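Visitor: Sequence:
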Amino acid sequence: MPANDHATEDQTKIAGTAAFSKFVAVLQLIADQNDPLTIAQLAALSGYPRPTVYRILAALMAEGMVVENPRTRQFEVGPRLINLASRAWDRSDIRMTAIDHLRALRDATRETVHLAVPSDAGMVYIEKLESPQAVRMSSRIGTRVTLYSSSVGKSYLAGLEHERREHLMSAIRMERFTEHTITDLATLRAEIEQTRAQGYAEDREENEPQIFCYGAAIAGADGVPVACISISIPLFRRHEDCRASYIDPLLETCAAISRKLAGPG
Numbered sequence: 620m621p622a623n624d625h626a627t628e629d630q631t632k633i634a635g636t637a638a639f640s641k642f643v644a645v646l647q648l649i650a651d652q653n654d655p656l657t658i659a660q661l662a663a664l665s666g667y668p669r670p671t672v673y674r675i676l677a678a679l680m681a682e683g684m685v686v687e688n689p690r691t692r693q694f695e696v697g698p699r700l701i702n703l704a705s706r707a708w709d710r711s712d713i714r715m716t717a718i719d720h721l722r723a724l725r726d727a728t729r730e731t732v733h734l735a736v737p738s739d740a741g742m743v744y745i746e747k748l749e750s751p752q753a754v755r756m757s758s759r760i761g762t763r764v765t766l767y768s769s770s771v772g773k774s775y776l777a778g779l780e781h782e783r784r785e786h787l788m789s790a791i792r793m794e795r796f797t798e799h800t801i802t803d804l805a806t807l808r809a810e811i812e813q814t815r816a817q818g819y820a821e822d823r824e825e826n827e828p829q830i831f832c833y834g835a836a837i838a839g840a841d842g843v844p845v846a847c848i849s850i851s852i853p854l855f856r857r858h859e860d861c862r863a864s865y866i867d868p869l870l871e872t873c874a875a876i877s878r879k880l881a882g883p884g
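So the sequence shown is numbered by our numbering: it starts at 620 and just counts up by one.
If a hint is listed, it holds; no wrong ones were tucked in.
Below, computed lysine to aspartate or glutamate pairings styled on DMTMM-like, alpha-carbon distance capped at 25 Å:
#, residue 1, residue 2
1, Lys879, Asp867
2, Lys641, Glu695
3, Lys879, Glu749
4, Lys879, Glu780
5, Lys879, Glu746
6, Lys641, Asp739
7, Lys879, Asp719
8, Lys879, Asp726
9, Lys879, Asp841
Listed next, with one range per pair, are the computed distances between beta-carbon atoms:
#, residue 1, residue 2, range
10, Glu782, Ala681, 41 to 47 Å
11, Gln817, Arg763, 22 to 28 Å
12, Ala753, His799, 21 to 27 Å
13, Thr691, Arg808, 41 to 47 Å
14, Ala740, Arg669, 24 to 30 Å
15, Arg692, Gly761, 19 to 25 Å
16, Gly666, His786, 23 to 29 Å
17, Glu780, Arg692, 46 to 52 Å
18, Arg795, Thr716, 32 to 38 Å
The set of hints was computed from the structure by calculation and includes no laboratory data.
Just so you know, these numbers come straight off a predicted model, no measurement behind them.
Beta carbons are placed, not taken as given, at the ideal position from N, Cα and C, and that holds for glycine.
Work out the full structure, taking the sequences as your base and the hints as a guide.
Guide: Structure representation (structure tokens):
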């Protein structure tokens with residue numbers, strides 16, 4: 620193939636990758652929000668011109684990935700994306716391995732249990748089992764949480780080797796969600812060392828006021844964390860004996876799932 624043809628092909632690939640990245644960015648913005656967004660909001664959040672956002676939305680709607688509310692002119696995740704996501708979650712080896720243990724943990728603690736996996740510089744919930752009690756968490760499957768303010772994020776960081784952990788922590792932009800959120804790297808490092816020493820992480824109202832979470836990591840066959848579990852508890856009903864009520868069952872659950880992932884031997 621002539622050199623000019625190679626150059627043209629490379630340019631086409633680059634252009635295609637850039638266009639695809641814009642589609643994914645807009646889709647991620649829609650998926651991450653609790654409420655539907657307008658074109659103006661999507662343009663502001665993405666930094667793309669409104670005509671570009673409009674073309675992206677038109678293509679996504681044509682494929683059923685996004686739907687528009689004709690009354691409010693707002694956009695949200697469409698049925699095709701939900702279907703694809705649910706199939707992926709159902710087929711996830713980690714989720715399938717963990718689900719019975721998660722149900723047992725939820726039933727034992729009577730609190731909401733999350734299963735999260737690492738995604739870029741954060742964690743994503745791939746399973747949520749609701750508390751049977753009246754006051755519940757507002758999170759949902761697909762929710763992204765940070766590495767520095769969530770118990771699943773902290774437990775994931777604590778399980779990593781030093782170089783990888785430092786690389787992730789040094790790139791974090793710390794946003795304050797509540798008055799208790801950690802917002803400086805030195806405090807985060809101390810928190811992660813404490814998590815490593817005790818074997819579990821705490822979210823002390825750092826993401827949501829009045830919500831306390833315990834988190835711990837599930838290790839893969841090589842000992843590196845592949846997922847994390849959290850128990851989320853409204854502060855007013857947290858038991859005084861936290862060790863027996865939440866921490867020990869959580870650690871036993873993570874250890875049992877880790878053993879299953881490791882396989883025989």
